[in-house]
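**Q** Each chain, letter by letter, is given below.
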Amino acid sequence: DAGITQSPRHKVTETGTPVTLRCHQTENHRYMYWYRQDPGHGLRLIHYSYGVKDTDKGEVSDGYSVSRSKTEDFLLTLESATSSQTSVYFCAIRTGVNTEAFFGQGTRLTVV
Amino acid sequence: GENVEQHPSTLSVQEGDSAVIKCTYSDSASNYFPWYKQELGKRPQLIIDIRSNVGEKKDQRIAVTLNKTAKHFSLHITETQPEDSAVYFCAASSNDMRFGAGTRLTVKP
Chain A
1274 DAGITQSPRH KVTETGTPVT LRCHQTENHR YMYWYRQDPG HGLRLIHYSY
1324 GVKDTDKGEV SDGYSVSRSK TEDFLLTLES ATSSQTSVYF CAIRTGVNTE
1374 AFFGQGTRLT VV
Chain B
1060 GENVEQHPST LSVQEGDSAV IKCTYSDSAS NYFPWYKQEL GKRPQLIIDI
1110 RSNVGEKKDQ RIAVTLNKTA KHFSLHITET QPEDSAVYFC AASSNDMRFG
1160 AGTRLTVKP
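Quick note, the sequences are listed as chains A and B, same order.
Number 1317 in my numbering belongs to position 44 of the first sequence; there are no gaps in the numbering.
Number 1154 in my numbering belongs to position 95 of the second sequence; there are no gaps in the numbering.
What the hints contain is simulated information worked out from the structure, not anything from laboratory work.
Incorrect hints may have been included.
[To be verified] Derived, one-sided and incomplete: chain B residues facing chain A with beta-carbon distance under 10 Å:
1) N1062
2) P1093
3) R1110
4) G1114
5) R1157
6) F1158
7) A1160
8) P1168
As the structure is a prediction and not an experimental result, all values here were calculated from the model.
Idealized CB from N, CA, C, for every residue including glycine.
Whenever a hint applies, use it, and build me the whole structure from the sequences.
**A** Printed below as a string of structure tokens:
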């Protein structure tokens, strides 16, 4: 499974609460990505990291923040969850820009 | 940022026929183009990829072509089988990696 683990796997939370999703890797890969997957939209990039403390926005970054204080962990925070953030969230890792990305198992988040 | 468009959104073929999925991208800095297959309830998995210095790549029944000048690339699956039924995603990558909206392929026995 390419040494990538997402937690939690499932979460139900209330509107307005903060939520943090964790992506943990054991591969020492430089690049880490957060995507959300919704029907009809494919995989949309939220934020990505190209090294410790180096992050950049993707195409749907509003309402989300990330942190990467060490190589193995990439955290995605929903500052104040809204129902529109109900989705399946995938983390991906890769060693370089021209290499295969490996995906985690996904986290199903429901905001009620 | 990069914008990737993928067509068609759904594709139904008879077993043994070929399937073609096409993608276009906007950022000329993109230099890596992977294709992923996602089965229901599972994570996306790479099936083939191509780099910008290559025009075509083949792996058994799967082939990918890239036209950098026109900024488009395509996935070709020959002799389709029912187990090829899934959602397929193209992507274009430089530092980030952006995906198309996906193609749901159904192979009818």
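**Q** Does each hint fit the structure? Answer for all of them.
**A** Checked hints:
| no. | hint | result |
| --- | --- | --- |
| 1 | N1062 | holds (8 Å) |
| 2 | P1093 | holds (7 Å) |
| 3 | R1110 | holds (6 Å) |
| 4 | G1114 | violated (16 Å) |
| 5 | R1157 | holds (6 Å) |
| 6 | F1158 | holds (4 Å) |
| 7 | A1160 | holds (4 Å) |
| 8 | P1168 | violated (26 Å) |
Violated hints, in rising order: 4, 8; the structure is consistent with all others.
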